[in-house]
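S.K.: The residues making up each chain are set out below.
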Amino acid sequence: MSLNPDPGTADRLLDAQAAADVKGRSLWKDARQRFMRNRAALAGLVALVLICIFAFFGGFIAQYEPDYVDFSLIGANASQGVPSIETGHYFGTDSSGRDLYARTVQGTRISLLVGIVGAGVAVIVGTLYGAIAGYKGGRTDGAMMRTVDILMSVPYMFVLILMLVIFGRSILMLFIGIGLISWLDMSRIARGQTLTIKGKEFVEAAHATGVRPMTIILRHIVPNLLGLVIVYATLLVPQMIITESFISFLGLGIQEPNTSLGALISNGASNMQYGVIWQLAFPLFFFVVTLFAFFFVGDGLRDALDPKDR
Amino acid sequence: MLNYVLRRVAIAIPTILLLVVISFVLMYAAPGGPFNSERPLPAQVMANIEARYGLDQPYWKQMATYIWNVVVHFDFGPSFQYRDRTVNDVIAQGFPVTLTYGFWSFIVALVVGVALGAAAAIRHNSWLDYLAVGISIGAQVLPNFVMAPILVLIFTLWLGWLPGGGWQGGQIEYIILPVIALSTSYMASIARITRSSMLEVLNAGFIRTARAKGLPTRRIIWTHAMKPTMLPVLSYLGPAFVGMITGSVIIDVFFSTGGIGQFFVNSAFNRDYSVIMGITILVGVLTVTFNLVVDLLYAWIDPKIRY
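Note that the protein sequences, when read in sequence, are chains A and B. At position 255 of the first sequence the residue is numbered 774 (my numbering), and the sequence of numbers has no breaks. At position 83 of the second sequence the residue is numbered 84 (my numbering), and the sequence of numbers has no breaks.
Treat the hints as calculated values from the structure; they're not laboratory data. Be aware that a few hints might be false.
[To be verified] Cβ-to-Cβ under 8 Å is the rule here; a few derived chain B residues that face chain A:
| hint | residue |
| --- | --- |
| 1 | Leu132 |
| 2 | Val142 |
| 3 | Val147 |
| 4 | Thr247 |
| 5 | Ile280 |
Glycine residues also receive a C-beta, built at the ideal position from the N, C-alpha and C atoms.
This is chain A alone, in the form it adopts within the complex:
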């Protein structure tokens, strides 16, 4: 090998590099491919899409309104409210003679909405809070994270119920209550990741050219947190659904005529000794499948996006 390579080598190297650049794969494309290879995650995604279709469009094939009461069925539930295609009560009827199919569609929709809103608040508030704390550092960071520590050690379910009792039981209050607690974990995760990003050259460059701190956080740090945030947001949704169902199971959450999967499971559980097992089985099935789907998709996303596992 000569010390003075002919000028063609450099050109060829550049060409090769250019070719490689063209074929280069983005982070997101990589992640998508990894996700698609994961069978459990893909199955979870399919299940999730089906459940969303069921929740948002299932009402069109219901034969009854969710709040329509068939008085002739009250008391005769075990014999005449059985799930059947002929009567139009695909999932049977509940103890008040309402169509359980329509109710399950409605309950699934509300449970999904609660989960998504809760996770949404977590993403917005938690990410910004964590990113600001991590970027500022020092005393600000200390004070902000101590606050999170303190809020986390509060038994939030009890405080949430206290709030529901005091301000009245409504969906809005439930959303506010769940939103208030959902961002805590996210802020810790976002802060941790921000601490590692903060030291990178591009942040330093932005800082050196005089970009304002808030702009650095929004334009340079938050986009780099997105992968992690998406993963944890997906895993947060089922937790929020569980929280809401917990409260609705106690009868303190969603109020009639609205319903959620937790409220339906509660109704089914209190009637199961009367031979109307479908009242428990159908809501329980949708509850379990929804949670499973979210967990599998979340795990798949984590495997696909989490840089630790590369």
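Given chain A, put chain B in place with the hints provided.
M.R.: Chain B only, in chain A's frame:
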């Protein structure tokens, strides 16, 4: 170490105070008083009742009195609903019940979870491992309010083996179902954490050294691998404790055990603020204390942490 203990306690105390203040402010913000009813009481009677409960005092004085009573005398005041009882009476009646099955749930979750997770890690990629992983994935979607009806359906309605509710002074057959319902999902989480932690530990250099020395496997597991394995498990115990104490509300209501959860929910429906506040504060104090103990244990066990 002493410094660390003092600092942790210094965080714990304002946390509890904050909880008391938040509860009080929330209660004060509530529309209507506890004695407003559809038939208004005569003004003189109302005034007497309010004087009896101290409701005629100015806002800050009520708060100061409440905090003083709670912090110094552990006195949560009278119940507004059960007129002949104080909040302390309610707690004294319900708390032992919750504590009994809560304690057993905690033990079961910890012992079974650690045993299952450790066995899965030691027999990595065997049927036992797959079983443990299967259980821990399945139990993720079975929170206590799903487990409770399923258990009652199977063991009470179909098999008729165990009673589906009641307490009867804590006889063993009344404790079994609440304990299983409450502990399952935490058992699964502990098993998952133990498994992954133990797998990591078993791959570490010092375990290879121990094997190379020819130590028996049993000795390696118990004296060398167990302690570092338990560290992540220990840090999960705080959240698990909170989860169980919250879950006890479901258990109390569903199994009608007569624990504090049942009083809590009844009071929530009856707007019996003082009972709700009292129980919330009690649970908060328990949680903060438990987390404090776990953190101190962690600092004591893990030689890498020096404060």
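S.K.: Identify every previously stated hint that the structure contradicts and give their numbers, smallest first.
M.R.: When the structure is compared with the hints, only number 1 turns out to be violated.
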